[in-house]
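Chemist: This is what each chain is made of:
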Amino acid sequence: MKIVTANRLSDGRVIYAGADNQPVEQLAQASVLDEATAEVVLAEVAARPDVFVNPYLVEVQDHTPSGRDRLKERIRATGPTVGNSLVREPA
Amino acid sequence: MYRYDEFDHALVRERVEEFSDQVARRASGALTEDEFKPLRLMNGVYLQLHAYMLRVAIPYGTFNSRQMRRLAHIARTYDKGYGHFTTRTNIQYNWPALTDLPSILSDLAEVEMHAIQTSGNCIRNTTTDVFAGAADDEIEDPRPWCEIIRQWSTIHPEFSFLPRKFKIAVIGAEKDRAAIRTHDVGLQIVRGADGGTAFRVFVGGGQGRLPHIGQEIASRVPAADLLAYLTAILRAWNLLGRRDNIHKARIKILVASVGLEAFREEVDKHYATLRHEDLRIPEDEAARIQAYFAPPPFEALPKASAPFDRALLADPDFARFARNNVRRHRQSGYASVVVSLKPVGGVPGDITADQMDAVADLAERYSFDELRAAYEQNLVLPHVKLDEVPALWRALHEVGLATANADLATDVIACPGLDYCSLANARSIPVAQALSKRLADMDYQEKLGPVRINMSGCINACGHHHVGHIGVLGVDRKGEEYYQITVGGSPDEQAALGDIVGKSLPADEVVPAIQRTLDRYLEIRTDGERFIDTVRRVGPDPFRDAIYETLDAANA
Numbered sequence: 001m002k003i004v005t006a007n008r009l010s011d012g013r014v015i016y017a018g019a020d021n022q023p024v025e026q027l028a029q030a031s032v033l034d035e036a037t038a039e040v041v042l043a044e045v046a047a048r049p050d051v052f053v054n055p056y057l058v059e060v061q062d063h064t065p066s067g068r069d070r071l072k073e074r075i076r077a078t079g080p081t082v083g084n085s086l087v088r089e090p091a
Numbered sequence: 001m002y003r004y005d006e007f008d009h010a011l012v013r014e015r016v017e018e019f020s021d022q023v024a025r026r027a028s029g030a031l032t033e034d035e036f037k038p039l040r041l042m043n044g045v046y047l048q049l050h051a052y053m054l055r056v057a058i059p060y061g062t063f064n065s066r067q068m069r070r071l072a073h074i075a076r077t078y079d080k081g082y083g084h085f086t087t088r089t090n091i092q093y094n095w096p097a098l099t100d101l102p103s104i105l106s107d108l109a110e111v112e113m114h115a116i117q118t119s120g121n122c123i124r125n126t127t128t129d130v131f132a133g134a135a136d137d138e139i140e141d142p143r144p145w146c147e148i149i150r151q152w153s154t155i156h157p158e159f160s161f162l163p164r165k166f167k168i169a170v171i172g173a174e175k176d177r178a179a180i181r182t183h184d185v186g187l188q189i190v191r192g193a194d195g196g197t198a199f200r201v202f203v204g205g206g207q208g209r210l211p212h213i214g215q216e217i218a219s220r221v222p223a224a225d226l227l228a229y230l231t232a233i234l235r236a237w238n239l240l241g242r243r244d245n246i247h248k249a250r251i252k253i254l255v256a257s258v259g260l261e262a263f264r265e266e267v268d269k270h271y272a273t274l275r276h277e278d279l280r281i282p283e284d285e286a287a288r289i290q291a292y293f294a295p296p297p298f299e300a301l302p303k304a305s306a307p308f309d310r311a312l313l314a315d316p317d318f319a320r321f322a323r324n325n326v327r328r329h330r331q332s333g334y335a336s337v338v339v340s341l342k343p344v345g346g347v348p349g350d351i352t353a354d355q356m357d358a359v360a361d362l363a364e365r366y367s368f369d370e371l372r373a374a375y376e377q378n379l380v381l382p383h384v385k386l387d388e389v390p391a392l393w394r395a396l397h398e399v400g401l402a403t404a405n406a407d408l409a410t411d412v413i414a415c416p417g418l419d420y421c422s423l424a425n426a427r428s429i430p431v432a433q434a435l436s437k438r439l440a441d442m443d444y445q446e447k448l449g450p451v452r453i454n455m456s457g458c459i460n461a462c463g464h465h466h467v468g469h470i471g472v473l474g475v476d477r478k479g480e481e482y483y484q485i486t487v488g489g490s491p492d493e494q495a496a497l498g499d500i501v502g503k504s505l506p507a508d509e510v511v512p513a514i515q516r517t518l519d520r521y522l523e524i525r526t527d528g529e530r531f532i533d534t535v536r537r538v539g540p541d542p543f544r545d546a547i548y549e550t551l552d553a554a555n556a
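Protein sequences, first through last, are from chains G and Y. Residue numbers are given in full-length UniProt numbering: position 90 of the first sequence equals residue 90, and the series is strictly consecutive. Residue numbers are given in full-length UniProt numbering: position 64 of the second sequence equals residue 64, and the series is strictly consecutive.
So that you can see chain G by itself, here it is in the shape it has in the complex (with noise of 0.2 Å):
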């Protein structure tokens, strides 16, 4: 299974297809697709370049990534594991 991600034209950030094809920042309300579907929506929010930055699939299980890149993928859902960024969040 498949979803779709990219990254947030405003401010770089990390988001997903969700319902309705809206884009979402947790993997967990990410729309998980058939191979086919993954396509059509892929093409989808290429076409708007005003909020999906780069947009790509990526192999899941249930809403575990499980391709080749997985541990970067996981990077991508939950944030750095280390340093500074997890001491503060943004005011």
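These are computed hints drawn from the structure, not numbers from a lab. This structure is a prediction, so every number in the text was calculated from the model and none was measured. Hints should not be assumed to be uniformly reliable.
Stated by the list, open to error - Each computed EDC-like pair below joins lysine to aspartate or glutamate, with the alpha-carbon atoms no more than 16 Å apart:
| id | chain 1 | residue 1 | chain 2 | residue 2 |
| --- | --- | --- | --- | --- |
| 1 | Y | K303 | Y | E388 |
| 2 | Y | K37 | G | D50 |
| 3 | Y | K478 | G | D11 |
| 4 | Y | K447 | Y | E529 |
| 5 | Y | K37 | G | D11 |
| 6 | Y | K503 | Y | E480 |
| 7 | Y | K478 | G | D69 |
Stated by the list, open to error - Footprint (simulated), chain G over chain Y, 3 or more residues, beta carbon under 8 Å:
| id | segment |
| --- | --- |
| 8 | 2-14 |
| 9 | 20-31 |
| 10 | 46-54 |
| 11 | 74-82 |
| 12 | 342-355 |
| 13 | 427-434 |
What the hints assert, rightly or not - A short, non-exhaustive set of chain G residues, derived as facing chain Y with CB atoms under 8 Å:
| id | residue |
| --- | --- |
| 14 | D11 |
| 15 | A36 |
| 16 | V53 |
| 17 | V82 |
| 18 | G83 |
A virtual CB, placed ideally from N, CA and C, is assigned to each residue, including glycine.
Fit chain Y to the given chain G structure using the hints.
Modeler: Coordinates of chain Y only, in the frame set by chain G:
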């Protein structure tokens, strides 16, 4: 320090206005990402895993307290309260919003800073010896020449669309503290035949997936002809360099493929013409720029300092700091002080906004308002009275910046890795942190002496693993993080690439393997031999054995 003239101010202001308009058009959707990408890269803006990243230039690593306070303000206002210093002596912000970039660049312009040429296929920030103007072994301060290169290269029309990026480093001493032979061009100030300033020129150094150590292409280029010679090198590469394959576009590939002699002939052809043109640096202009870098008004002080010596005896922690982080100065009674950004278990190169403000205050109070960003991702206060080093140390201690590990095993150079970077294959920071915790015992570190450990999260080698005494490269093996270890690399005047010791290790094996490597060194070193000396004497084999000795065959 150099101060902007009206042209510099106008140039930076115009660039801010231009980029503000580009950002507005991107935010409105009028520009696509493909159209915007080259424009943002010309202004230091990347799109990383979690956010945009802004890289701000610190030309040749020299800045002042006002600029540092502005960097703190940006970290606090537009980011998550911290910044990250890089091996290119720049500072990166990991979390700015696209729409805040114009405000950030405006704030920077007010203090004579910018992000121009911190990315893209142009001539990047020129770097130098962090102790420039302070080191006691320097024949001439390299920073005026860095500034001349900056002025010449900034938005240079011929060199704004190069085959790839181009990095220049300049040193003024025999001792190379700026890793010049890992740069596209490395310049070493020497005395010319007439006794005047000249440059020994290295070309074709670089790291990444195909690392090369720079080769000497000229032994004495007269200072007045420096820009003619650099133009000749860039023109030869710009015309002959490959643009069809990004991995083969750097000048190092061209020099290696045609050979140094053939490349020199090409350069000399251009140089023969160029040196008679308008590129000669007028003496009065060189003198005008050099005047900005005149030594600060040092006091005439005795060599020894009673307050310094008393503190050495009174406080073993200060004595340790003095041994490891205080460097000799050309001026009697003064020292340069390394402010380590490598606390135990910290993120190499990271500094909080509050710490930035504190360092700014200390630079103003103790170091003639001067600060330096170091290649090793540390800071330096270049000109501190020995009398005042104890007070400075106490103040650094209060803000968590007195880690006494400069050039020791926990002074790890590391790229942001897969925690932030969209190019990375593996994380760097957690490995650096684990190493720092494992080797935290200062007695052990001092027993080891100077050891440089470098971490890169991918083959692009931003953590300079090829030239680490011990290098660690993150690789992806079927979706798992593995790490390849090299030993024997060196970034200095005896520059060398490390030898890969064998197959890559799983993440949790890296730190124990490095400790075994260091322990093996302690067993086999001879008196006075540094880690790198021992590696050069015995080769990588004993260390390979140490690295793999406890690993079962299935893992190795």
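Chemist: Hint by hint, note whether the structure agrees.
Modeler: Status of the hints after comparison with the structure:
no.	hint	verdict
1	Y:K303 x Y:E388	14 Å, holds
2	Y:K37 x G:D50	14 Å, holds
3	Y:K478 x G:D11	31 Å, violated
4	Y:K447 x Y:E529	11 Å, holds
5	Y:K37 x G:D11	15 Å, holds
6	Y:K503 x Y:E480	14 Å, holds
7	Y:K478 x G:D69	9 Å, holds
8	2-14	violated (count 0)
9	20-31	holds (count 4)
10	46-54	holds (count 6)
11	74-82	holds (count 6)
12	342-355	holds (count 3)
13	427-434	holds (count 4)
14	D11	4 Å, holds
15	A36	25 Å, violated
16	V53	5 Å, holds
17	V82	5 Å, holds
18	G83	5 Å, holds
Checked against the numbered hints above, the structure violates hints 3, 8, 15; every other hint is satisfied.
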